[in-house]
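Protein chains in written order, with full-length UniProt numbering: chain S, 1 to 287; chain A, 1 to 158.
It should be emphasised that the hints constitute simulated quantities derived from the structure, not laboratory data.
Nothing here was measured: the structure is a model prediction, and the numbers come from that model.
Be careful, since some hints might not be right.
[As the list claims (entries may be wrong)] Partial selection, computed: residues in chain S whose CB lies under 8 Å from chain A:
1. Phe6
2. Ala10
3. Asp13
4. Gly34
5. Ile38
6. Pro39
7. Met43
8. Leu45
9. Pro48
10. His103
11. Ile106
12. Asn108
13. Arg146
14. Phe187
15. His253
Ideal Cβ positions, reconstructed from N, Cα and C, are used throughout, including at glycine.
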Amino acid sequence: MKPPPFDYHAPRDLGEALAVLAETGEHGKVLAGGQSLIPLLNMRLAAPGHLVDINRIDPLDTLTATAEGVTVGALARHSRVERSSEAAAAQPLLRQALRLVAHPVIRNRGTVVGSLVHADPAAEMPAVLALLGGSVRLARADGPAREVAAADFFTGPLESALRPGELAVSAFFPALPPRSGTAFREFARRHGDYALAGIAALVTLDEAGAVGAVKVACIGVGATPIVLDLTGVEPDAVAHAVRGRIEPEADIHASADYRRHLAGVLAARAVDEANGEARRAFDHAGR
Amino acid sequence: MHSITLVVNGVVREATVPARTLLSDCLRHHLGLTGTHVGCEHGVCGCCTVLMDGEPVRSCLTLAVTADGHEITTVEGLAGPGGALSPVQRAFAECHGLQCGFCTPGFLCTATALLAENPDPSDDEIVEGISGNLCRCTGYQNIVKSVRRAAELIREEA
Ligand SMILES: Cc1cc2nc3c(=O)[nH]c(=O)nc-3n(C[C@H](O)[C@H](O)[C@H](O)COP(=O)(O)OP(=O)(O)OC[C@H]3O[C@@H](n4cnc5c(N)ncnc54)[C@H](O)[C@@H]3O)c2cc1C
Ligand code: FES
Ligand code: FES
């Protein structure tokens, strides 16, 4: 099918984009990579009156990695962030997760920030932001930009804290803490599909090299990414602990019980892998 | 209506399209380049894949107006001067990498870009690289062989 008609705007700079968004209010939608929005238009599941295409605003195509973390601009494509060795060095979970997002060809257009705003409950990048405690920066024409913490950003399935008139200009992913490791495990019916369930894990060792903190973020098993603190849970009790703290729903792809089962298995594997990575980081720092 | 200019297969082309026109439809209906096929229009099948500034993208998930000013290579543009088939095209013919041919334009564009970035891919990298393209006929074995053979041809002819 084809998209319904809309008014098209192709602003050249951020100010112009924000002005159009302010004017069109709830009838305006940002078009970034289009890899989620255009399917919705083609299937007539969305019919915005105005599309604000940000693809010509080059200053939004940024990616900066520092000791604090990685800041991803609104036009940085999945593929660019995935390939960046600076970004991977500062926060390895970014590349681990991006490899699981759709197919390489989709990643050439889709943006990380678009993925966050789209807020699919089975998407990988919202879980990464939530697990790391990152934030999204939202700009608007008639006021200062606001920085929204991940915990407040994902409000429901396909719903974020973005208000009409706002544009997400960047997202910030905190760097990997010392003596830490990450992993992303998921299960999808076919490679590149949205996962039935998935787990991002972050393990931090204490100064003596014992497991200090363990956190996971679960996808596909709730309305938004679910962050669980598993600190103190024995490795062979991780699966059970996760299963007891999620309430997945059934759909045509999988039953609720199967999703709960999967989340447990994937959590045990992800925590184990993240633990191995943390140990490597610890040994490396010790030498 | 919007007037756009694309460089398609090295030729400057102009078109006047409504904003909602997909790049795939612009190529096929407005520019008469029907080599780009359209299967699903939601990004899943991959047969509409074209190269935009050298990178493979879904033309069904790109608006023609967004592509304004960019370089597009379609399957019609893969052959060399005088219509000599490219190494990727020859490899697909040689290894029976197609049957009905519906998916082939997408595979050819995807494989061309894959080999430009990674001239010597492992079998796993080939499978990963074409995982976004569906084929209802071949069972993929010969497509993987074709991509491997294309890599050889490109190396031999370098
Ligand atoms: C076949 C296929 C498989 C896929 N599989 C996966 C998968 O496994 N995992 C996954 O995570 N994703 C998957 N995706 C989606 C893909 O990752 C998208 O690229 C991503 O979800 C959205 O990014 P985008 O830049 O394309 O956004 P768009 O499609 O342009 O926009 C998506 C939404 O976000 C809004 N938006 C985008 N950017 C901004 C901004 N800067 N400010 C305000 N609003 C904004 C838009 O208005 C729209 O509502 C898949 C897509 C396809 C076609
Ligand atoms: S027609 Fe574009 S991916 Fe199927
Ligand atoms: S050759 Fe028929 S779909 Fe691939």
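A quick look at each hint next to the structure:
Below 8 Å, beta-carbon pairs count as interface contacts, and Phe6 (chain S) has one with chain A at about 6 Å; its hint therefore holds. Residue-level restraint check for Ala10 (chain S) holds (minimum Cβ-Cβ distance to chain A is 7 Å; threshold 8 Å). Violation of the interface hint for Asp13 (chain S) is found here, the shortest Cβ-Cβ separation to chain A being roughly 16 Å, above the 8 Å cut-off. The beta carbon of Gly34 (chain S) is positioned within 8 Å of a beta carbon in chain A (closest approach about 5 Å), and the interface hint is therefore held.
Interface restraint check: Ile38 (chain S) against chain A, minimum CB-CB distance 4 Å, threshold 8 Å, status holds. Satisfaction of the interface hint for Pro39 (chain S) is found here, the shortest Cβ-Cβ separation to chain A being roughly 4 Å, below the 8 Å cut-off. With its C-beta approaching chain A no nearer than about 6 Å, Met43 (chain S) sits inside the 8 Å limit, and its interface hint holds. The closest approach between the C-beta of Leu45 (chain S) and any C-beta of chain A is roughly 10 Å, which is over the 8 Å cut-off, so the hint fails.
Checking Pro48 (chain S) against chain A by beta carbon gives a least distance of about 11 Å; that is not within 8 Å, so the hint is violated. About 3 Å separates the beta-carbon of His103 (chain S) from the nearest beta-carbon of chain A, less than 8 Å, and the hint is met. Given hint, Ile106 (chain S) at the interface with chain A, holds; its Cβ is 6 Å from that chain's nearest Cβ, closer than 8 Å. For Asn108 (chain S), the interface hint holds, since its Cβ comes within 8 Å of a Cβ in chain A; the closest pair sits about 5 Å apart.
The interface hint given for Arg146 (chain S) is violated, since its Cβ lies 28 Å from the closest Cβ of chain A, which is over the 8 Å cut-off. Restraint check, Phe187 (chain S) versus chain A: the minimum CB separation of about 16 Å is more than 8 Å; hint violated. Because the smallest distance between the Cβ of His253 (chain S) and any Cβ of chain A comes to about 15 Å, over 8 Å, the interface hint for this residue is violated.
Going through the hint list in order, the structure does not satisfy hints 3, 8, 9, 13, 14, 15.
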